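Peer 1: We have chain A already, so just place chain B on it with the hints.
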Amino acid sequence: MKKILLLTGFLICLFSGINKAQGQSAIIKGKITDATTNESLMAVNIVEVDKNGRFVSGITSDINGNYVLKISDVKNQVQVSFIGYKKQIFSIEGRTTIDIKLETESIAMQDVVVTGTKVGNDGIVNVRDRATAVTRLELKGMESVMSTSVEDMLQGRLGNVDISSVSGDPGAGLNIRIRGTASLNARNQPLIVINGIPYDANIEDGFDFASADIEKFGSLIDVSPEDIESIEVLKDAASTAQWGSRASNGVLMIKTKRGTKSKPIFEYTFKSTVAYEPDPIPMLDGAGYARLITEEHFNVNRNEFYSQEIAFDPEWEEYNNYSQNTNWVKEITQVAFTQQHDFSVRGGGDKSRYNMSVGFFDEGGTTIGNNLQKLNLRTSLDYDLSSKLQFKTDIMYTRYNQDNTYDVDDGEYGAWTGKSVRSVAYRKMPNLSVYERDTLNNVYDTYFTPSSTLQGTARDSYNPVAFANLATQNRIKDNARALFNARYAITPQLTWDGTVTLDIFDQKISKFLPYKAIGYDYSNDITNKAVNEFYKKSTIFTMNKLIYRPDFGQDHDVFFLGQVDTEESRSRWYKVTSSNSASPYIKEPVNDKHFVSGSGDYGSSFTEYRSLGFYLTGSYKWRDKYSIMLGAKYEGNSKFSKESRWGLFPTLAAFWRLSGEEFMKSATFIDDLKFRFSWGQSGNTPEGNYLYYNTYRAGSSYSYMDMQGVQPSGIELTSLRWETIDQINPGISFIGLQNRLTIELDYYRKKTLDLYLKDSGIPDHSGFSSINRNDGEMENRGYEAMIDYTIVRKKDFSLSVNLNVSSNENRVLKLPDNYSLEYGNMLENGNYKISIIPGQPLGGFFGYEYLGVYSTDADAIVRDKDGNPVYGLGSEAPLSMIMGGPSGYVFEGGDAKYKDQNYDGKIDELDLVYLGDLNPKLMGGTGFRVQYKSFILNTFFYFKVGQEIINQTRMDTEKMYNYDNQSQATNWRWRREGDVTDMPRALYNTGYNWLGSDRFVEDGSHIRLKTVSLTYQVKPSVCQRLKLSELKFFATGYNLYTWTKYSGQDPDVAPPSKPDSLPKDNSKTPPSQKFMFGVNIIF
Amino acid sequence: MKKLITNIPVIITALLMIAAVTSCEDYLTVAPENDLIKEKFWTKREDVYGALGATYDALREASLQSLIFGEVRADLVNFTGAVFADYAKIGASNISPTNDKVNWKAYYAAINLANTLMYYDDEVFKKDQTFTKEMMDAVEAEALFIRALSYFYLVRLWKDVPLVLEASISDTTDLYKPKSPENVVIQQIIADLLKAKEMAYTTEYKGTAYFYGRANKYSITALLADVYLWNEQYQKSYDACEEIINSGLYSLEDNETWFNIYYPGNSAKESIIEIQYNDALDNQENPLYNNLIPISGSTGCEIDAKNVNLILEKEDLRNFMGKGAIWKYRGKDALGLVSRTSTERDGHWIIYRFADILLIKAEAAIELGKFDEANTLIRETLLRAGMPYEEVYDKELLRQEILDEKGREFMLEGKRWFDLLRAAKRNKFQKKQIIIDMILSGADIKQQAILKTKVYDTLSYYLPIAEHELIYNQNLVQNPYYDR
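Quick mapping for you: the protein sequence lines, in order, are chains A and B.
Per this note's numbering: the first sequence = residues 706 to 1788.
Per this note's numbering: the second sequence = residues 51 to 534.
If you are wondering where the hints come from, they were derived from the structure by calculation, not from laboratory data.
Hints may contain errors.
[Said to hold, decoys possible] Partial pick of chain B residues on the chain A-facing surface, computed with a CB cut under 7 angstroms:
#	residue
1	T222
2	N333
3	Y531
Here the structure is a predicted model, which means the values were calculated and not measured.
The C-beta atom is built at its ideal place from N, Cα and C for all residues, glycine as well.
Isolated chain A, as found in the complex:
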């Protein structure tokens, strides 16, 4: 009902603009000619225009340039326009025959670049007059040409916008954080706004694959970089207020290119990229592996270990299959090629403008079995019905077609989780053959996939090449979005602006695991397993604005804005799985006999939320010197109960323009200098809907005898409320040296109040184990500096540099006493302790201090503070160090040595030390741009300093604990009494040589030469001869070099998406070195 009401209002508003005026009619005729050549002009528009600039009637001239037009009111004017000619408007003044001579337009047919009073993406406040923290990136010129994606383009360019890719695979998700992590459990990603309307491609929480989503299918910004005109990042609460709750983590505002008044401009860009992966960690070969495994066992049992599989016995019939030196990581890696085509046409006349584009993108992955195809279509139309009433419409369609290797991260089989192709390739026995070989060493084109090996069943150690090639996963994602906008000037001061958007997101994931990929036989219930998973989401967004800008003379600039916005989003998900399909060619889950009923194998779910927001703001500026803006957002969301549904979020922003003062006029090197201050609050909602409801569940697991059991599944959360983010942001903006130097400095302090604590433990005596609640505080603070300096600006040569540096310091301020967030059993290998403690930053972790390796058994003894051996009661020999765990393992020579912090002779939780956190202390980017005649050289460096990373890959490849292959670094391992080394001995399933310690924690600081790009712009004279208006060739290199001390493949590890996970480098596909070549043609 509400929707209909709003829509009706919308329509009434529209049509009330068309009020017919009656007057005296007349007929005019005449001939239209070119003023210089006197040739008659055909198809010229002749229109009657009323006093509001609205078209009343119109006609076009015939082949001889003649026209006849019936005028409904002689008071109206006539407008004559033709592309390439100057427009004429005149009154009839009683004439009936009017001949018209049109003059050719002298301005070039190019985009008109307006400078000085650039209007921001919100369309209200001039960029120059902003008091808020907004960074703007104009994309005219080079930037878009150089990048393959929006994210790529943004990384490191905007202060305190941390963009890190989850993996280097095509279509992999991104982690974007603006000014740090502000919430423990609610959403931390910024809101993306495209052409004034929020864009939400996130998959709703509560669906089965929502958690894994970011890894594989992040919410990519589905806009081709070619289509983008500008991007703005809104960081402080005062600027994001308009966008309401989902904007509390900042807003990325994208404005796409629109048509301008010009004759048609065609633009075509082609890019071709080749990508190479950096060298993998060198792993042991077959012989080295066999030695290691033998030693692992000998060190435990003191007897020879024998397995046919690593014995290299030529007599064995399988000898040839088990005696190779396979570099598995290399086998699954390839050189990848990418192609990109973008074509667009734009232009328009007085009344309407258009921009249509089509883009095609085909990206190959550096890991075999991965690729992505993307098709973008976009149409935008602007139509001015009159000077008072304008319409805009945008239609966008994107299709993704993404191929990945079968994803085993979906919880189908607990033990199997995380066994990605790349991690198995690192672990896999190197002496195995990729393809089957017979006793004469003939190689067949069948993959060698034994169902079990020394390493265990094929489920855990499959043949990665077979798996990557045969086990498939395909995702088709369609995203269609239509926007309709009308703007009506009710009076010159008062404008109404209304928008409706419909956004449809549809995704299908189909997976198939053929028996050949894993080597199990047909009867096994994971062979020939087919999964179909559908997700559909539709969102309707409306926004109605009234903008009032009264005129109080030159000294005063006042405006008011009132806004009502609504959003309704509905998502549906379902999934079905079957296995043992009759043939690997039947990849759909149609096998009803083997409908798998394990957990997570099928399901269906529906969820919906709505929000309603009122926003009111007013601003006053006096004489270009002082300005103040006050605003408030009142927002309601269906995720909360009636009691706490509404949130009120006030904002304030002000500036003082020092350069506007009289006494500063003499300082001519200053073009603009202003001091800004903003304060504001914004709200954050939890992910997931219906949380406050007291729901009941029924099922056989609660039944007793024949009584069908029903029980409450949770407590009613009436006090669940908005997580509030309170932010202050003082800043300075400086422009000087004839607009050649721009400096922006910002400081901010962002405090999260009523921290949303998901699944927070409550006493068992309540009958439940956890609830969601709001309690606690967290803080992010830091600074941002941005400098843009054009050192030289001459006709043939220009040089400019830019630099942005930012820091963010995160701290948990307060948590309820009865809240505990601790993970990690430190008495077991491989774990680090995470503990969220007030006063410490989020993401901090604890572990042991690694001191190297005990050289001999006699070294592995307890020592007191002064280093003297400690003897047991009445014992002659010093006490041995023991592990504090239940087994009380006694350390020996060759074992890892950890610092016994409290000198109690035991390594246990009391010996933990703080090892660091994942938050970078400093990050930013810098680059320079040189233009010499037709050449432009652009370079960009990107850096992050001071985040600690757990090198999980190194841990996995140096632990020497099981049958996993290990890295060549393990050749330095301790082998016999007296060896002095840093690498402990090999111990099969025993000992504590890979406890979470500082041994595997590394400094992830790095500076990366992200892009070097050279563009050649063909001279206009040559272009003209080719009948082109512009022609550019460009070549770009990406990720050419990284300066770092980090030993893994990529130090740019994405921060974990949940507070209970660690910043681990899990040997995901690293970002590759890429070389791109391209051409850009405008005609």
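Peer 2: Chain B alone, transformed into the frame defined by chain A:
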């Protein structure tokens, strides 16, 4: 006029804004489609019985734990193996608040469901006319029984526990209760049971499984008798037993048929109340079959031969030694010949049977000085097991006799530890030596030295509060014994 026309959009927008504010509550109320919500649930009689079913199911969840807690610290059964590693520590009196099994969650889950049921049944009574007052009373009686039984386990295991009598409905409920002293909880249990006894059905379900599987007047009375015995109110305990015996509904199964009380269970004569299992129904298989019975060589739970032989004669029918298993939960016949199969996991977990009443009455009789009657009662169960009985008239000897007979009769029915503890704590722990001797004799020599200093503290006979409970609820105070 013209001005007004141009202002129409403004006016309409303004009106719409006002309309929006007044009706936006409706717009923002979105109910889940996947789940049943409270507002739609409590309307019909069937809803009440659904919730009652879940409450019994919660009690059943707790029953496995009750069984183990009733034996693990006592002397007749040993828990070993990986599955029971944490229980084994409890058995060895090496108990830490971080032990995963020191967890009262299962009992409080049942208590909360009972509380929720009692909170909402009134609403259904108002909405559904076919749900009569009598039906509602009976449901409340069952809920009170489940709550009382859960609290009775809690006080025997933890001594002082939070007394939660309101349902945890919303996050505005007080979820952070302090502990209440043992006697306050006991008084609540007694009050609840007295109330329940008045409201419960007497023989409504006679002849059906409900009669054994759901609480009625006599099962409530049986629990009451047991609570009175624990609380040293012997006359009242004695009277409660009298009431059950005099009802004429119950008697002991005889020699030939006595194994029927374990398989198939629900003995028409002897059963008073049993937690029901049914292999044919989803999720209602008896887990004891898997968890307590060593299957194909894996170890888990076994009878402590040394201690059992001290009290159980070879000729005693109840002696299943040498069967390699806990026969009560595995066998199909009294002779120890036929085992149950994995599709016959439907033995019940007995809370009270008539033998309990006889022996509770006997114990009360001893304390009341009615030695003759006590002797008669003890003889009954021995006689059924084919054993002779020699009457004794010394109070201490009789106390020992009843303790031994209970040990024999209820072996592995989750009662031994509570019987020992009750005997030890009588008259302000006058006989704590019973427990001290038992713990020390079970421990190896190395540990004995450590334990000796500990077992004299009677608080050590109760469990610690799990560590996470102390973190989540700052109003709780640890059992002082574990605080050192």
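Peer 1: Evaluate each hint against the coordinates.
Peer 2: For each hint, the structure was consulted:
Because the closest C-beta pair between T222 of chain B and chain A is about 6 angstroms apart, less than 7 angstroms, the hint holds. Residue-level restraint check for N333 of chain B holds (minimum Cβ-Cβ distance to chain A is 5 angstroms; threshold 7 angstroms). Annotation: Y531 of chain B was flagged as interfacial toward chain A, and the flag is violated, the nearest CB pair being 20 angstroms apart, outside 7 angstroms.
In summary, the one numbered hint that this structure violates is 3.
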